[in-house]
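Undergrad: Heads up: the sequence lines are chains A and B, in that order.
Just so we're aligned, residue 526 is where the first sequence starts under the numbering used here, counting upward by one.
Just so we're aligned, residue 33 is where the second sequence starts under the numbering used here, counting upward by one.
Simulated from the structure, these hints should not be mistaken for lab results.
On a predicted model such as this, the values are computed, not experimentally measured, just so you know.
Idealized CB from N, CA, C, for every residue including glycine.
Any given hint could turn out to be false.
[What the hints assert, rightly or not] Reference excerpt, derived from the structure (chain B facing chain A, CB under 7 Å, subset only): (1) Asn44; (2) Ser47; (3) Phe66; (4) Thr92; (5) Arg93; (6) Leu117; (7) Leu145; (8) Gly147; (9) Leu191; (10) Ala194.
[As the list claims (entries may be wrong)] Here are the simulated EDC-like pairs of lysine to aspartate or glutamate, each with C-alpha atoms no more than 20 Å apart in a straight line: (11) Lys538/A - Asp132/B; (12) Lys119/B - Asp261/B; (13) Lys538/A - Asp107/B; (14) Lys111/B - Asp778/A; (15) Lys119/B - Glu221/B; (16) Lys538/A - Asp614/A; (17) Lys173/B - Asp614/A; (18) Lys173/B - Asp162/B; (19) Lys119/B - Asp108/B; (20) Lys538/A - Asp171/B; (21) Lys119/B - Asp224/B; (22) Lys173/B - Asp107/B; (23) Lys119/B - Asp107/B; (24) Lys173/B - Asp158/B; (25) Lys722/A - Asp614/A.
[Unchecked claim] For the chain A half of the interface with chain B, some residues (derived, Cβ under 8 Å), not all of them: (26) His528; (27) Ala532; (28) Arg550.
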Amino acid sequence: MSHFLIALIAIVKREALRFIHQRERFVAALVRPLVWLLVFAVGFRAALGLSITPPYQTYITYEIYIVPGLCGMIMLFNGMQSSLSLVYDREMGSMRLLLTAPLPRWWLLTCKLLGATMISILQVYTFLFIAWLFDITFDPLGYIYVFPALLIAGLMLGALGLALSSFIKQLENFAGVMNFVIFPMFFLSSALYPLWKMQESSVLLYQICSVNPFTHAVELVRFALYGQFNLTALIWTLLATALFMALALWGYDPARSLIRRKG
Amino acid sequence: MKRNALKSQLNNGLSVQSLSFSFGRKLALDDVSFFVAPGTFCALLGPNGAGKSTLFSLLTRLFTTPTGQILIGGDDLAKTPRAALAKMGVVFQQTTLDLDLTIRQNLRYFAALHGISGRDCTVRIDAVLDRLQLSDRADEKARTLNGGHKRRTEIARALLHAPGILLLDEPTVGLDAATRRAITDHVHELADQDGITVLWATHLTDEITSPDQVVILHRGRVLVDGQADEIAQGSPLETRFLQLTGQPA
Numbered sequence: 526m527s528h529f530l531i532a533l534i535a536i537v538k539r540e541a542l543r544f545i546h547q548r549e550r551f552v553a554a555l556v557r558p559l560v561w562l563l564v565f566a567v568g569f570r571a572a573l574g575l576s577i578t579p580p581y582q583t584y585i586t587y588e589i590y591i592v593p594g595l596c597g598m599i600m601l602f603n604g605m606q607s608s609l610s611l612v613y614d615r616e617m618g619s620m621r622l623l624l625t626a627p628l629p630r631w632w633l634l635t636c637k638l639l640g641a642t643m644i645s646i647l648q649v650y651t652f653l654f655i656a657w658l659f660d661i662t663f664d665p666l667g668y669i670y671v672f673p674a675l676l677i678a679g680l681m682l683g684a685l686g687l688a689l690s691s692f693i694k695q696l697e698n699f700a701g702v703m704n705f706v707i708f709p710m711f712f713l714s715s716a717l718y719p720l721w722k723m724q725e726s727s728v729l730l731y732q733i734c735s736v737n738p739f740t741h742a743v744e745l746v747r748f749a750l751y752g753q754f755n756l757t758a759l760i761w762t763l764l765a766t767a768l769f770m771a772l773a774l775w776g777y778d779p780a781r782s783l784i785r786r787k788g
Numbered sequence: 033m034k035r036n037a038l039k040s041q042l043n044n045g046l047s048v049q050s051l052s053f054s055f056g057r058k059l060a061l062d063d064v065s066f067f068v069a070p071g072t073f074c075a076l077l078g079p080n081g082a083g084k085s086t087l088f089s090l091l092t093r094l095f096t097t098p099t100g101q102i103l104i105g106g107d108d109l110a111k112t113p114r115a116a117l118a119k120m121g122v123v124f125q126q127t128t129l130d131l132d133l134t135i136r137q138n139l140r141y142f143a144a145l146h147g148i149s150g151r152d153c154t155v156r157i158d159a160v161l162d163r164l165q166l167s168d169r170a171d172e173k174a175r176t177l178n179g180g181h182k183r184r185t186e187i188a189r190a191l192l193h194a195p196g197i198l199l200l201d202e203p204t205v206g207l208d209a210a211t212r213r214a215i216t217d218h219v220h221e222l223a224d225q226d227g228i229t230v231l232w233a234t235h236l237t238d239e240i241t242s243p244d245q246v247v248i249l250h251r252g253r254v255l256v257d258g259q260a261d262e263i264a265q266g267s268p269l270e271t272r273f274l275q276l277t278g279q280p281a
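Produce the complete structure using the sequences and hints provided.
TA: In structure tokens, the structure reads:
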């Protein structure tokens, strides 16, 4: 087995072990979207009328509409959680061990990203299973098609977390990320309401939502859950992944390394 | 013949040439040069703020500088970083163990980062644990270990891929006197018996023995580079160190 592959397996396994040791993180990650699904969505069911737009071929309930957005929410929060743990790793020193391994830095960061994405996907499937128990179901094949969509969306949001972690100086600054990244990204997207509804209220907000990469990640997942493919969403998500990854690599470049700030 | 001997020295030793580094406008290292021959225990001695940790960050490529050259076992860290890093074992000042993993899991993770897996990995882990007398604690979580055992685990980990060069950044910080002595003696043995080149950053002169090489770093510059007893000139090394660095005795 090649050195690259051995390291990949070890880093993913370490992320998994770390996740197992933090069961409360798993529960917390599920409670948030379940509250939205089982409380918020039920409350808003009557208030929000939904027209038939792709990928839907018939009228759907709001609970059905909101599920892909909540899958995105899990991945968004998980991406930021990974970012938090990277900042923690940096403060605690274990990031040094990783970055001094005799492997290219881009590969080490990609391994970290894949590890965190796999954990996100596991959480999303658990959420979809719980939704299924409440009779919120999708195309049976959609559960398979959604896997690559989740992988791409997870990589994009993980890369965003990685990029942010390279610019966050201290753990204490993480609360700012919540306010300035997670919430705007989530609420200015198609996660909770279709964009045409947003356009009716504000063209400017609609335009912001349209260029938000999180919107496209959610749409990629939404279409995949119905066994359909959304090329525009895929391109946007891939472009955003490449951009965030490039930013992360720049941030972790030893010539201008974040660790330098620690002295 | 002389040329071949020099080449062999460079291939196993550690060479730092004309290294400078600044944090913004503040010069942290100024034209630092020294060479550690194979199998030598070299103490990098300096008061707090001398630039030891900055030098370690450069030696481990946590950050880089366009000024100067670092050769690890003959490999240029800037040009062939992977080859250079593979020849080096590092013990950082701050513990870098994953506290939720057992000693064995920590070692296995590190081995994988160096491309070691399977049976070879198990054999190496058993050997280093035995050597550092940690075999009976292999399946305990790092969180449950005391400071001395954590340090020994980190030294065992740094030796797992059989490096020719071992860097230790103030590895005895926070340890009691007996543990400090045991760890210092063990690392001296690694240099004497196994021929490992050791660079040991410290500000404590009692960790240095007479035949050791000593590089005194002060305000980012190399003040003295020589054998400990030559530098001491018959006085206690600590007195000489304080004189050289202009600190009150």
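Undergrad: Can we keep the Leu117/B interface hint, with Cβ of chain A closer than 7 Å?
TA: Holds. Min distance 4 Å.
Undergrad: Do the alpha carbons of Lys538/A and Asp132/B lie within 20 Å of each other, as the hint requires?
TA: holds (13 Å)
Undergrad: What's the verdict on Lys119/B and Asp261/B, does the C-alpha distance respect the 20 Å limit or exceed it?
TA: Not OK: Lys119/B and Asp261/B at ~30 Å, beyond 20 Å, violated.
Undergrad: Quick one, are Lys119/B and Glu221/B close enough, alpha carbons at most 20 Å?
TA: holds (19 Å)
Undergrad: Against the 20 Å threshold, does the CA-CA distance of Lys119/B and Asp224/B hold or violate the hint?
TA: holds (18 Å)
Undergrad: Please check whether Ala532/A passes as an interface residue: C-beta within 8 Å of a C-beta belonging to chain B.
TA: This interface hint holds because 5 Å falls under the 8 Å limit.
Undergrad: Holds or violated: Lys173/B and Asp162/B, Cα atoms, limit 20 Å.
TA: Holds. Lys173/B to Asp162/B sits at ~17 Å (cutoff 20 Å).
Undergrad: Taking only the CA atoms, is the gap from Lys538/A to Asp171/B under or equal to 20 Å?
TA: Roughly 17 Å between the alpha carbons, so the hint for Lys538/A and Asp171/B holds.
Undergrad: Holds or violated: Leu191/B as interface residue toward chain A, Cβ cutoff 7 Å?
TA: Since the shortest Cβ distance to chain A is 14 Å, the answer is violated.
Undergrad: Next pair to validate is Lys119/B with Asp108/B; report whether the Cα-Cα distance is within 20 Å.
TA: holds (11 Å)
Undergrad: Can you verify the interface hint for His528/A: is its Cβ closer than 8 Å to any Cβ in chain B?
TA: Holds, because the Cβ-Cβ distance from His528/A to chain B comes to roughly 3 Å (cut-off 8 Å).
Undergrad: A closest beta-carbon separation below 7 Å is what the hint needs, so does Arg93/B meet it against chain A?
TA: OK, holds: Arg93/B within 7 Å of chain A, min 6 Å.
In this structure, the hints that do not hold are numbers 1, 2, 3, 9, 10, 12, 13, 22, 25, 28, in rising order.
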